[in-house]
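Peer 1: Going down the list, the sequences are from chains A and B.
Residue numbers for the first sequence, in the working numbering: 56 to 488.
Residue numbers for the second sequence, in the working numbering: 56 to 488.
Everything labelled a hint here was simulated from the structure, so no lab data went into it.
Possibly wrong hints are sitting among the right ones.
Chain copies aren't distinguished; within one or between two, either way the pair holds.
Unchecked claim - Distance condition first, Cα-Cα at most 30 Å in a straight line; then the derived DSS-like pairs of lysine-lysine:
no., residue 1, residue 2
1, Lys431, Lys76
2, Lys357, Lys144
3, Lys144, Lys434
4, Lys477, Lys434
5, Lys431, Lys383
6, Lys77, Lys434
7, Lys477, Lys77
There are 2 protein chains.
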Amino acid sequence: MPNSAHLEFDTSRDRVATRVKKLRSSPVRDLFSAATRPDVISLSGGMPDVSLIPHDAIKQAVSAVIEDDALRAVALQYGSTDGALGMKKTVCSLMRDIGVRCTPEQVFLTSGAQQALALIAKTFLDPGDIVITEGPTYLTALSAFNGYEPEVITVPFDDDGMRMDILEETLERIGKGNPRLKFIYTIPNFQNPGGVTMSDERRRRLIELVQEYQVMLVEDDPYGRLRYEGGHQVPLKAMDPRVVYLGTISKTMAPGLRVGWIVAPRHVLAKINLVKQGTDLCCSSFDQAVVEHYFTDTNWQKVLQAFIQVYGERRDAMLEALEEFFPKEATWTHPEGGFFVWVTLPEYVDTGSMLAEALEAGVTYVPGDSFYPDGKLGKNSMRINFSYESPENLREAIRRLAEVIEEKLELYRVFIDAGAIKPDQPPVNSHVN
Amino acid sequence: MPNSAHLEFDTSRDRVATRVKKLRSSPVRDLFSAATRPDVISLSGGMPDVSLIPHDAIKQAVSAVIEDDALRAVALQYGSTDGALGMKKTVCSLMRDIGVRCTPEQVFLTSGAQQALALIAKTFLDPGDIVITEGPTYLTALSAFNGYEPEVITVPFDDDGMRMDILEETLERIGKGNPRLKFIYTIPNFQNPGGVTMSDERRRRLIELVQEYQVMLVEDDPYGRLRYEGGHQVPLKAMDPRVVYLGTISKTMAPGLRVGWIVAPRHVLAKINLVKQGTDLCCSSFDQAVVEHYFTDTNWQKVLQAFIQVYGERRDAMLEALEEFFPKEATWTHPEGGFFVWVTLPEYVDTGSMLAEALEAGVTYVPGDSFYPDGKLGKNSMRINFSYESPENLREAIRRLAEVIEEKLELYRVFIDAGAIKPDQPPVNSHVN
Chain A
56 MPNSAHLEFD
66 TSRDRVATRV
76 KKLRSSPVRD
86 LFSAATRPDV
96 ISLSGGMPDV
106 SLIPHDAIKQ
116 AVSAVIEDDA
126 LRAVALQYGS
136 TDGALGMKKT
146 VCSLMRDIGV
156 RCTPEQVFLT
166 SGAQQALALI
176 AKTFLDPGDI
186 VITEGPTYLT
196 ALSAFNGYEP
206 EVITVPFDDD
216 GMRMDILEET
226 LERIGKGNPR
236 LKFIYTIPNF
246 QNPGGVTMSD
256 ERRRRLIELV
266 QEYQVMLVED
276 DPYGRLRYEG
286 GHQVPLKAMD
296 PRVVYLGTIS
306 KTMAPGLRVG
316 WIVAPRHVLA
326 KINLVKQGTD
336 LCCSSFDQAV
346 VEHYFTDTNW
356 QKVLQAFIQV
366 YGERRDAMLE
376 ALEEFFPKEA
386 TWTHPEGGFF
396 VWVTLPEYVD
406 TGSMLAEALE
416 AGVTYVPGDS
426 FYPDGKLGKN
436 SMRINFSYES
446 PENLREAIRR
456 LAEVIEEKLE
466 LYRVFIDAGA
476 IKPDQPPVNS
486 HVN
Chain B
56 MPNSAHLEFD
66 TSRDRVATRV
76 KKLRSSPVRD
86 LFSAATRPDV
96 ISLSGGMPDV
106 SLIPHDAIKQ
116 AVSAVIEDDA
126 LRAVALQYGS
136 TDGALGMKKT
146 VCSLMRDIGV
156 RCTPEQVFLT
166 SGAQQALALI
176 AKTFLDPGDI
186 VITEGPTYLT
196 ALSAFNGYEP
206 EVITVPFDDD
216 GMRMDILEET
226 LERIGKGNPR
236 LKFIYTIPNF
246 QNPGGVTMSD
256 ERRRRLIELV
266 QEYQVMLVED
276 DPYGRLRYEG
286 GHQVPLKAMD
296 PRVVYLGTIS
306 KTMAPGLRVG
316 WIVAPRHVLA
326 KINLVKQGTD
336 LCCSSFDQAV
346 VEHYFTDTNW
356 QKVLQAFIQV
366 YGERRDAMLE
376 ALEEFFPKEA
386 TWTHPEGGFF
396 VWVTLPEYVD
406 TGSMLAEALE
416 AGVTYVPGDS
426 FYPDGKLGKN
436 SMRINFSYES
446 PENLREAIRR
456 LAEVIEEKLE
466 LYRVFIDAGA
476 IKPDQPPVNS
486 HVN
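Next up, chain A with everything else stripped away, as it sits in the complex (with noise of 0.2 Å):
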């Protein structure tokens, strides 16, 4: 053997790709270390609380699957790399719920929704080309579009939605038949991070400028199903067939499970057909027969009303302790569904510099920036979760990130009061309080 101390092929460091030089780690990736400290409050995450899955559901689920020879068997082997037409016809059967008519050609099952969109990425995106989406948004989405560098451009949302008129402003500035801009990417219902749901009136706005500017419009909906007031709103995907919908079963089962779904126009399917034989041949076949089974044998809409009700008085909590705690000079949205609280703060208050002091005081959050594909934009603002922590500990986790937030506005205020830096208007993602 050669003398392998004086040799060296650990260059790799050097030699990554243009597409890996980009991309940034995941903010709350990183803070999940932290998170696991005992003392500290997580409002970082975006976990569903799975112990509200009782026990008698996941077995019958699995059961049911591993108790027969023939679904033993074919969830123990390769699947196709769309689906298992089981799964599929679920699917059908869940979009059916939400008032969307498909077929199982025209689903295509991933691992996840977070596949999903790298596959539209993949399939779609050549470096310089063009994206839109929600300022802020989704941050594992910009990772999945960021992984094929395009230029992500944002349209800030308030309490209706994505804002039409500055998307309008930007489909102009992009151009008609400008064969850059490759889609636009939105989550109408309950927003991540922002919490806001896009109304009625928007969404036929939304639908009428994707048919006018001929540009592809991708869906994203983990959360709709999770709504704790108001009523239900009709998804994109009912407006127009050719809508490309995401769902998911990590918020209405559990995400332990790895499986996602595209509903769209078959020859859209078809190119992203060829694009996943190269990225993982198929998904879990075993977790497409337990998740068929979940929402085939079991009581899995009892399970769903009590994520709905526990998320429900979460919220509240959330909601009430921001009241009762913040200062005046922060503003927050008011979700009626989903994960997440989207609080803005004065503009010179810096929420990434601030998460060390926040953490000191044990309680973890996600900065602004990271939801902003430059991160220049939302230094201000910072995503808090309420899914997965008790009310108690909500109302807690409040108290501390308040006091964390006093502090430092106490400095600024006796500037402000010295007329030295003026105080900031309400920006344009905010709800004022």
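Model the placement of chain B on the given structure of chain A, informed by the hints.
Peer 2: Chain B alone, transformed into the frame defined by chain A:
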């Protein structure tokens, strides 16, 4: 709503990324539908026979996970990007069995080894970069690489694996320190599709070359533990800790649960981790937990012995049938393990066009050109699989295939006898029967 009859945004047909335009659908996948005709015996797949796994072993592994409240909660929740510690420790134990020492920090879990290939490609390959592989090689490795538009250079093998003299010439031509050369990809044990195994001498030479040329070496080892004759070979990873080793449970347990792994230096894994976040957040926690308990709580070695015995008998049946039925002009490899035999026919036979006749005769295989990056080489060869069908079916399939080949050859023999065409020399990649 606008009148959608006059409006279209399904122009995605023309708007896919450049990388997608180069992708071909996998012929193996395309054959799936044909192969499900009950009268057709498929030699085209690469599936393990999961019916050999006893129901009790699966039940025991699943029960260990779902009957324990804490384990069940973890199995249903999001996991970390790099995988669960328990399953990583299991990988360390499996690696120790084959002579590789590693720690959990050097293990990165993936959704099957296929995802490992795709992640490595995405992390390291810019368009125009160079990858060296055996030629022919695993066709879905080519799909994983081609998604990032490298130049794939193939090096032929013989009965002792990749030809080191040709590899050395290739490396010399590329030039020492050429930043475009990213890695060498090899399947040293029972290569797919070749069935050949790299000799100990060639392994040592490969490590020397890799060190001399400072190039990353990716060792893909899905079949290593399925040896039906001969002694265990030392993994390349055991010869140099900087090798990037890929493993999977797809062939030692079941591919329906998607668990594969990369064992590599930590700085390589850190880069891959960044890329994985945007790809699918995490692998199936449920699959990881079940697989961990399969390899710790059950008598999995006994199942592995059953795989080895049954596949060994099938390999024997196939080799005997080839000997009995195949024409003298055909040559084929004699695998000591794994799933595949590589058949080489005279150069004037096109196995691609012959496939329709084979299907008509009730047998399928994969044409050899699928296993080359440009589809130009290998046109007179084919991959046949022996892991999935019974010895009787394999014998019948080879008999049918021999008839199809014989018919092709008869016509050519007339021309050869008349001196109109010259019988070709045995090509490099063939083992003379």
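Peer 1: Could you run down the list of hints and mark each one as holding or not?
Peer 2: Consistency of the hints with the structure:
1. Taking identical chains as interchangeable, the C-alpha atoms of Lys431 and Lys76 lie at most 30 Å apart only when both belong to the same chain, with a minimum of 18 Å there against 35 Å between chains.
2. Taking the closest pair of Cα atoms, Lys357 and Lys144 come within 30 Å of each other only inside a single copy of the chain (21 Å); across copies the shortest separation is 37 Å, beyond that limit.
3. Taking the shortest alpha-carbon separations for Lys144 and Lys434, neither the intra-copy value of 44 Å nor the inter-copy value of 40 Å comes in at or below 30 Å.
4. Proximity of Lys477 and Lys434 under a CA criterion of 30 Å is satisfied intra-copy only: 18 Å inside one chain copy versus 75 Å between copies.
5. Taking the shortest alpha-carbon separations for Lys431 and Lys383, only the intra-copy value of 25 Å comes in at or below 30 Å, while the best inter-copy value is 71 Å.
6. In the homo-oligomer, the alpha carbons of Lys77 and Lys434 lie at most 30 Å apart inside one protomer (20 Å), although the nearest pairing across protomers, at 41 Å, exceeds that limit.
7. In this assembly of identical chains, Lys477 and Lys77 lie within 30 Å of each other by CA distance neither inside one copy nor across copies; the values are 35 Å within and 56 Å between.
When the structure is compared with the earlier hints, violations turn up for hints 3 and 7 and for no others.
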